[in-house]
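Residue numbers (my numbering): 1 to 150.
Everything labelled a hint here was simulated from the structure, so no lab data went into it. Small disclaimer: the values here were computed from a predicted structure and weren't measured. Do not take every clue at face value.
To be verified - Have a look at the derived ranges for each label pair, beta carbon to beta carbon:
| id | residue 1 | residue 2 | range |
| --- | --- | --- | --- |
| 1 | Asn31 | Asp111 | 19 to 27 Å |
| 2 | Val147 | Asn12 | 52 to 60 Å |
| 3 | Asp13 | Val84 | 40 to 48 Å |
| 4 | Arg53 | Glu144 | 18 to 26 Å |
| 5 | Asn31 | Cys117 | 26 to 34 Å |
Stated by the list, open to error - Quick list of in silico lysine to any residue cross-link-like pairs, SDA-like style, CA-CA up to 25 Å:
| id | residue 1 | residue 2 |
| --- | --- | --- |
| 6 | Lys64 | Asp50 |
| 7 | Lys44 | Lys66 |
| 8 | Lys126 | Glu144 |
| 9 | Lys127 | Arg53 |
| 10 | Lys127 | Glu144 |
| 11 | Lys64 | Glu16 |
| 12 | Lys64 | Phe82 |
| 13 | Lys130 | Lys64 |
| 14 | Lys23 | Val35 |
| 15 | Lys44 | Gly100 |
| 16 | Lys43 | Ser62 |
| 17 | Lys130 | Asn69 |
| 18 | Lys126 | Lys136 |
| 19 | Lys113 | Lys136 |
| 20 | Lys127 | Ile90 |
| 21 | Lys64 | Lys113 |
| 22 | Lys113 | Asn134 |
| 23 | Lys44 | Lys136 |
| 24 | Lys130 | Asn80 |
| 25 | Lys43 | Asn134 |
| 26 | Lys44 | Gln8 |
| 27 | Lys136 | Thr125 |
| 28 | Lys43 | Ala92 |
| 29 | Lys43 | Asn31 |
| 30 | Lys113 | Asp93 |
The beta-carbon is built from N, C-alpha and C at its ideal position, and this holds for glycine as well.
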Amino acid sequence: RAMGRLNQLDSNDNGEDTAQLKKELQSCMQNYFGVFRDGEYMKKGREELDAMRDRVANIAISDKSKAFNTARMEALELQNLFEVAEATAIAADERTESRGAHSRGDYPERDDKNWLCHSLYHPETKKLTKRDVNFKPKTVETFEPKVRTY
Numbered sequence: 001r002a003m004g005r006l007n008q009l010d011s012n013d014n015g016e017d018t019a020q021l022k023k024e025l026q027s028c029m030q031n032y033f034g035v036f037r038d039g040e041y042m043k044k045g046r047e048e049l050d051a052m053r054d055r056v057a058n059i060a061i062s063d064k065s066k067a068f069n070t071a072r073m074e075a076l077e078l079q080n081l082f083e084v085a086e087a088t089a090i091a092a093d094e095r096t097e098s099r100g101a102h103s104r105g106d107y108p109e110r111d112d113k114n115w116l117c118h119s120l121y122h123p124e125t126k127k128l129t130k131r132d133v134n135f136k137p138k139t140v141e142t143f144e145p146k147v148r149t150y
């Protein structure tokens with residue numbers, strides 16, 4: 001997969017501009033997925049991300065050099081940022097409660113019954129699953145410091 005991404009960047013001459021797409025991604029995330037969120041806004045944001053997905057996959061860089069290529073690095077970083085943005089958007093939209101730095105105007109209360117859990121994002125399916133929080137106390141026995149020997 002990694003080599004495929006590099007080969008795509010090397011072979012694409014007529015694609016999208018990295019800097020412009022990065023600005024659009026930043027704007028989308030700031031406008032729709034900030035700390036204060038709402039289902040209607042997040043729906044619009046997810047639609048923008050959906051429209052952006054193919055464009056991010058179609059990035060073109062003019063510098064095809066193999067060493068010290070900052071254009072290639074910026075393009076790869078944008079692709080990675082898009083993956084994180086999409087995970088954030090899906091997780092935020094599906095979490096129907098307010099908790100910590102996730103505040104939803106349409107769900108202002110905390111919901112421990114449904115959301116006192118770990119949210120796991122699966123990029124292959126673009127789905128969220130949950131895992132219970134382990135509340136068992138953890139104890140670690142103390143140990144005397146000593147010199148490391150190998």
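Hints versus structure:
1. The beta-carbon spacing between Asn31 and Asp111, approximately 25 Å, falls within the hinted interval of 19 to 27 Å.
2. Distance hint check for Val147 and Asn12: the Cβ-Cβ separation is about 56 Å, which falls inside the suggested range of 52 to 60 Å.
3. Separation of Asp13 from Val84 is about 28 Å and departs from the stated range, judged on CB atoms against 40 to 48 Å.
4. A beta carbon spacing of about 55 Å between Arg53 and Glu144 contradicts the range 18 to 26 Å that was offered as a hint.
5. Look at Asn31 against Cys117: about 28 Å separates their beta carbons, and that is inside 26 to 34 Å.
6. Of the pairs offered as hints, the one joining Lys64 and Asp50 is violated, with about 28 Å between alpha carbons and a cut-off of 25 Å exceeded.
7. Simply put, Lys44 and Lys66 have alpha-carbon atoms about 39 Å apart, too far for the 25 Å limit, and the pair is violated.
8. At roughly 47 Å between alpha-carbon atoms, Lys126 and Glu144 are farther apart than 25 Å, so this suggested pair is violated.
9. At most 25 Å may separate the alpha-carbon atoms for a hinted pair to count; Lys127 and Arg53 meet this at roughly 16 Å.
10. For the suggested pair Lys127 and Glu144, the alpha carbons sit about 46 Å apart, so the restraint of at most 25 Å is broken.
11. The suggested pairing of Lys64 with Glu16 holds, with an alpha-carbon distance near 15 Å, which does not exceed 25 Å.
12. With a CA separation close to 22 Å, the supplied pair Lys64 and Phe82 stays within the 25 Å bound.
13. The hinted pair formed by Lys130 and Lys64 fails the criterion: a straight-line CA distance of about 42 Å is larger than 25 Å.
14. Proposed proximity of Lys23 and Val35 is supported: the alpha carbons are some 19 Å apart, at most 25 Å.
15. Pair hint Lys44 plus Gly100 holds up; C-alpha atoms about 23 Å apart against a cutoff of 25 Å.
16. About 35 Å separates the Cα atoms of Lys43 and Ser62, which puts this hinted pair outside 25 Å; it is violated.
17. Under the criterion of a C-alpha separation no larger than 25 Å, the hint pairing Lys130 with Asn69 is inconsistent with the structure, at around 40 Å.
18. The hinted pair formed by Lys126 and Lys136 fails the criterion: a straight-line CA distance of about 31 Å is larger than 25 Å.
19. Between Lys113 and Lys136 the alpha-carbon distance is near 18 Å, which keeps this suggested pair within the 25 Å criterion.
20. Only pairs whose Cα atoms come within 25 Å are accepted, and Lys127 paired with Ile90 is accepted, the gap being roughly 8 Å.
21. This hinted pair does not check out: Lys64 and Lys113 have alpha carbons roughly 53 Å apart, beyond 25 Å.
22. Pair hint Lys113 plus Asn134 holds up; C-alpha atoms about 15 Å apart against a cutoff of 25 Å.
23. Distance restraint check for Lys44 and Lys136: the Cα-Cα separation of roughly 40 Å exceeds the 25 Å cut-off, and the hinted pair is therefore not satisfied.
24. Between Lys130 and Asn80 the CA atoms are separated by roughly 23 Å; this keeps the pair inside 25 Å, and the hint holds.
25. As the CA atoms of Lys43 and Asn134 are separated by approximately 32 Å, the hinted pair breaks the 25 Å bound.
26. About 29 Å separates the Cα atoms of Lys44 and Gln8, which puts this hinted pair outside 25 Å; it is violated.
27. A distance of roughly 31 Å separates the Cα atoms of Lys136 and Thr125; the hinted pair therefore is violated under the 25 Å criterion.
28. Restraint check for Lys43 and Ala92: satisfied, since their Cα atoms lie roughly 11 Å apart, inside the 25 Å limit.
29. Between Lys43 and Asn31, the direct Cα distance comes to roughly 12 Å. Compliance with the 25 Å bound is thereby established for this hinted pair.
30. Between Lys113 and Asp93 the alpha-carbon distance is near 18 Å, which keeps this suggested pair within the 25 Å criterion.
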